[in-house]
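If you're matching them up, the sequences are chains A and L in order.
Taking numbering that gives the first Met the number 0, the leading residue of the first sequence gets 0, the next gets one more, and so forth.
Taking numbering that gives the first Met the number 0, the leading residue of the second sequence gets 0, the next gets one more, and so forth.
Since the hints were derived computationally from the structure, they do not count as laboratory data.
Positions of the beta carbon are idealized from the N, C-alpha and C atoms, including for glycine.
One or more of the hints may lead you astray.
[Said to hold, decoys possible] Derived list of chain L stretches under chain A, where covered just means 3 residues or more per stretch with a C-beta under 8 Å from a C-beta of chain A:
#1 8-22
#2 98-111
#3 120-132
#4 245-258
#5 272-282
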Amino acid sequence: MSDTAAIETVATGVAPWFWPGIVLLALVAGYSVYRMAAIQGRSWVGMATAALFGAWVVLFWEILVRALDVPRVLLPAPSLVLGALWDHAPKLWGDFVQTVGKAVLIGWALGCGLGFCVAVAIDRMPFLQRGLLPVASLTSAIPLVGVAPIAVMWFGFDWPSKAAVVVLMTFFPMLVSTLAGLQAAGKLERELMYSYAASYPRTLLALRLPAALPFIFGALKVNATLALIGAIVAEFFGSPTAGLGFRISTEAARMNMPLVWGAIVVAAVTGSVAYALLVALERRAAFWHPSVREG
Amino acid sequence: MATTKTLTQRIAHDWLPVMVVLLAVVLAWYGAAWGMNAQGAIERVLDEEAGYTQMELFEATMTMERPLVPAPHQVAADFYESLTEWPIDSPRNLIYHVIVTGQSTLLGFAMGTALGLLLSVLIVHSRTLDKALLPWIVASQTVPVLAIAPIVLVVLGSLGFAGTAPKAFIAMYLCFFPVTVAMVQGLRSPQKIETEMMYTYAASRWQSLWLLRLPAALPFLFPALRVGVAAGLVGAMVAELPTGAQAGLGARLLTGSYYGQTTQIWSALVMSALLGLALTGIVAGVERLVLRSRGAK
Numbered sequence: 000m001s002d003t004a005a006i007e008t009v010a011t012g013v014a015p016w017f018w019p020g021i022v023l024l025a026l027v028a029g030y031s032v033y034r035m036a037a038i039q040g041r042s043w044v045g046m047a048t049a050a051l052f053g054a055w056v057v058l059f060w061e062i063l064v065r066a067l068d069v070p071r072v073l074l075p076a077p078s079l080v081l082g083a084l085w086d087h088a089p090k091l092w093g094d095f096v097q098t099v100g101k102a103v104l105i106g107w108a109l110g111c112g113l114g115f116c117v118a119v120a121i122d123r124m125p126f127l128q129r130g131l132l133p134v135a136s137l138t139s140a141i142p143l144v145g146v147a148p149i150a151v152m153w154f155g156f157d158w159p160s161k162a163a164v165v166v167l168m169t170f171f172p173m174l175v176s177t178l179a180g181l182q183a184a185g186k187l188e189r190e191l192m193y194s195y196a197a198s199y200p201r202t203l204l205a206l207r208l209p210a211a212l213p214f215i216f217g218a219l220k221v222n223a224t225l226a227l228i229g230a231i232v233a234e235f236f237g238s239p240t241a242g243l244g245f246r247i248s249t250e251a252a253r254m255n256m257p258l259v260w261g262a263i264v265v266a267a268v269t270g271s272v273a274y275a276l277l278v279a280l281e282r283r284a285a286f287w288h289p290s291v292r293e294g
Numbered sequence: 000m001a002t003t004k005t006l007t008q009r010i011a012h013d014w015l016p017v018m019v020v021l022l023a024v025v026l027a028w029y030g031a032a033w034g035m036n037a038q039g040a041i042e043r044v045l046d047e048e049a050g051y052t053q054m055e056l057f058e059a060t061m062t063m064e065r066p067l068v069p070a071p072h073q074v075a076a077d078f079y080e081s082l083t084e085w086p087i088d089s090p091r092n093l094i095y096h097v098i099v100t101g102q103s104t105l106l107g108f109a110m111g112t113a114l115g116l117l118l119s120v121l122i123v124h125s126r127t128l129d130k131a132l133l134p135w136i137v138a139s140q141t142v143p144v145l146a147i148a149p150i151v152l153v154v155l156g157s158l159g160f161a162g163t164a165p166k167a168f169i170a171m172y173l174c175f176f177p178v179t180v181a182m183v184q185g186l187r188s189p190q191k192i193e194t195e196m197m198y199t200y201a202a203s204r205w206q207s208l209w210l211l212r213l214p215a216a217l218p219f220l221f222p223a224l225r226v227g228v229a230a231g232l233v234g235a236m237v238a239e240l241p242t243g244a245q246a247g248l249g250a251r252l253l254t255g256s257y258y259g260q261t262t263q264i265w266s267a268l269v270m271s272a273l274l275g276l277a278l279t280g281i282v283a284g285v286e287r288l289v290l291r292s293r294g295a296k
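Model the full structure from these sequences, guided by the hints.
This is the structure we're talking about:
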């Protein structure tokens, strides 16, 4: 079937009132979001507007995919994705445990913990700091996820190889951010600590680590996404028969797109929840900081 | 402070520590190659019954055919060989793969930057978009894009796009986010007094965007571009994985992993690191030129 034929069947497949109806609905959608955003002085407006916008997008997606008969290999309707999520819930739960529960969580904790400890350790040694910091910042330009095949060779197919990739990907951002954060305490405050005859550990605990918190949380948030990406990509290079990356690559090869999208939804929800949790934690831990106060 | 240093001081202060760290890395690499290859070398290369000296063991770990960890000089040799012994259009030459991956990275970077700039201007000027769109842009980054890569490739492929375009699309998805977020922040960075002055001049929205907001946002833009181009490279490389692409650094990694060509994986990794550094270096160079022409130090 040629492309023009496909377009003709699409064009004749819908009722004549379909496009005006869609335009009308789009105007309603736009206006409702606009009115919602214009509400002043309520704290829930931001969330609600975003949610409303998202709901409209999903609705339009459903309508357009169904009405235009888009092949589900290209773009499955949201209802199909939901159905796949429901039908394959145990399978996807297994993938979630394999990828997120083991590789991401362990790798992220190890990578961030190591980065933090090394940063605090080399903070005392200016020579090492001057030597390591430029090298560490350079690694941000290097596609570190490429070490996945090597990690699979060293640590086998199961989650340790994925966790190793995640450790490597999260270590350097954490190191660089923590070091930058430790420098963030102002000169005035530092001199005050000096005039109190505070020891180095005391200054670190009472002044410099708190001052570094926004930087540290920034790295933790970025790393949460990086860790998820790293683990999923590493599974493309070989994996036991579970894992979100494994599911995506095998089901995409079988053209079972609703399940692929289901796995993506799981990954996206995981990423968003992790991000939201870290933001909430940051508000608790660094409530006094201007960057949190204003936001 | 930095400007008054003499050359020797700069070498001692800035370069010496970096050199020491890099030297330590190379030594650790050799140590790892020795330690991790020892087992394989004893099993496959050396004759265990006849006995071997430690020197022979060391030599064997450094020259193995398919080592667990190739020694630095083996990677360097493979790297050099691939650059000199094959024509540039041969898939055995790394330059060929760099060109393929670099093309999709740069195309995606250009598209992502354009999209990011457009979105940030729209968001800054519309309260509705700010409320409705920005949270989703943030959420979009928690979707592991690389997960969508196979789908994007299938969808775009069936629409008649093949080759560079789908990979560039994924690179774009990774690039636009840092640019959008930084530019929203940057475009809002002019102080109230400055925006009010534009108002007293009866400047149009367009004029205050062009004359005040954009220049003020430049220092925010360039760090985002550096992040974006590095992210775009990752996107372009990963997009080459699930498609079974024949060319590109990602494909090179995958074939190396299929055929157990360890040294090939390592030299492809080194090449991708160099490409990443070159791309961010170019952006940093442009940044310096632009900021200097605007009177920064």
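Practice item. Tell me, in ascending order, the numbers of any earlier hints that this structure violates. Key: 2
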